[in-house]
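**Q** The residues making up each chain are set out below.
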Amino acid sequence: MEAADLIAAAALGLAGGMVGGLLGVGGGILFVPALAIFADLTQVEAESTSLLAIVGVAVLGTWRQRRYGNVRLADGLLIGVLSPLGVGLGVVVANEVSQRALELGFAALALLIAAQLAARALRPPSSADASPAPDAVSSDG
Amino acid sequence: MIATAAGAFSGLFGVGGGTIIVPLLVFWLGFGEREATGTSLAAIIVIGGVAAGAQAIYGNVDVAKAALVGVPALGGVVAGAALQQRLPERLIAGLFALLLIAIAVELIL
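Taken in order, these protein sequences are the chains called V and H.
The opening position of the first sequence corresponds to residue 1 in this note's numbering, with each subsequent residue numbered one higher.
The opening position of the second sequence corresponds to residue 142 in this note's numbering, with each subsequent residue numbered one higher.
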């Protein structure tokens, strides 16, 4: 890895943390391309390595959100504990399909999340948003 | 259902599954958006750990490179919260949407 690639991967990591905090996701959607494009990993290696990075983001994010009373810990842990069936399925498929199929699937997921973000960018501000918007057209949230 | 779907996404795509968990908690279980966000993160700790462990069995996990993106990401979580105080959330969301579209194009080509 060259220095420029190193910096680019770290910068996408930083951005992944930001989007993670913003959306309640782990940031993997940016970690995976960072690792695949700049860190010389194959798609399946990048996805696997991303999972480890996600755990750290999720721990920090949960801790921060918990202070605001936003975490239903029992429900969150229940979802986690029930997940291994799906995880096993996903891991086996990821290791069986071609690199190209995995890339295209991931690109589709990136577009799905882009659409979620675009919807957030375009909707009228609600009263729950932190930033004051006194001149905003009123909405029912 | 939510757990299985999120787990499959996580194992398959190397993401935490939050993309699936948050909308399902909101639409199926009636969680508020902020509550769904926080609860999703707690679920991701477990899902990410399980999925990383499973992929490690296949020898796919590179710990040093996980730190390469994961450590700056911890700074990003904090910086993101600070940035939200200064920039409209809608602007940030719009910029990330463009970034993800660029990534999708890069992967498809």
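Honestly, I wouldn't trust all of these hints.
Chain V regions said to be covered by chain H (calculated; three or more residues, Cβ under 8 Å) [to be verified]:
{"hint": "1", "region": "11–19"}
{"hint": "2", "region": "65–78"}
Selected chain H positions facing chain V (Cβ under 7 Å, derived; list incomplete) [what the hints assert, rightly or not]:
{"hint": "3", "residue": "F168"}
{"hint": "4", "residue": "W169"}
{"hint": "5", "residue": "G171"}
{"hint": "6", "residue": "A205"}
Don't read these hints as lab results, they were simulated from the structure.
These numbers come from a predicted model, not from an experiment.
All residues carry an ideal CB built from backbone N, CA and C; glycine is no exception.
**Q** Now tell me, hint by hint, if it's right for this structure.
**A** Hint check:
Restraint check on the region 11–19 of chain V versus chain H: 9 residues with Cβ-Cβ distances below 8 Å, three needed, restraint holds. For the region 65–78 of chain V, the stated coverage by chain H holds: 11 residues have a C-beta nearer than 8 Å to a C-beta of that chain, and at least 3 were required. Contact between F168/H and chain V, as hinted, is not supported at the beta carbon level, the nearest pair being about 13 Å apart and thus beyond 7 Å. About 12 Å separates the beta-carbon of W169/H from the nearest beta-carbon of chain V, more than 7 Å, and the hint is not met.
Nearest Cβ of chain V to the Cβ of G171/H: about 12 Å, over the 7 Å cut. The hint is violated. For A205/H, the shortest C-beta to C-beta distance to chain V is roughly 9 Å, which exceeds 7 Å, and the interface hint is violated.
Against the hints set out earlier in the document, violations occur for numbers 3, 4, 5, 6.
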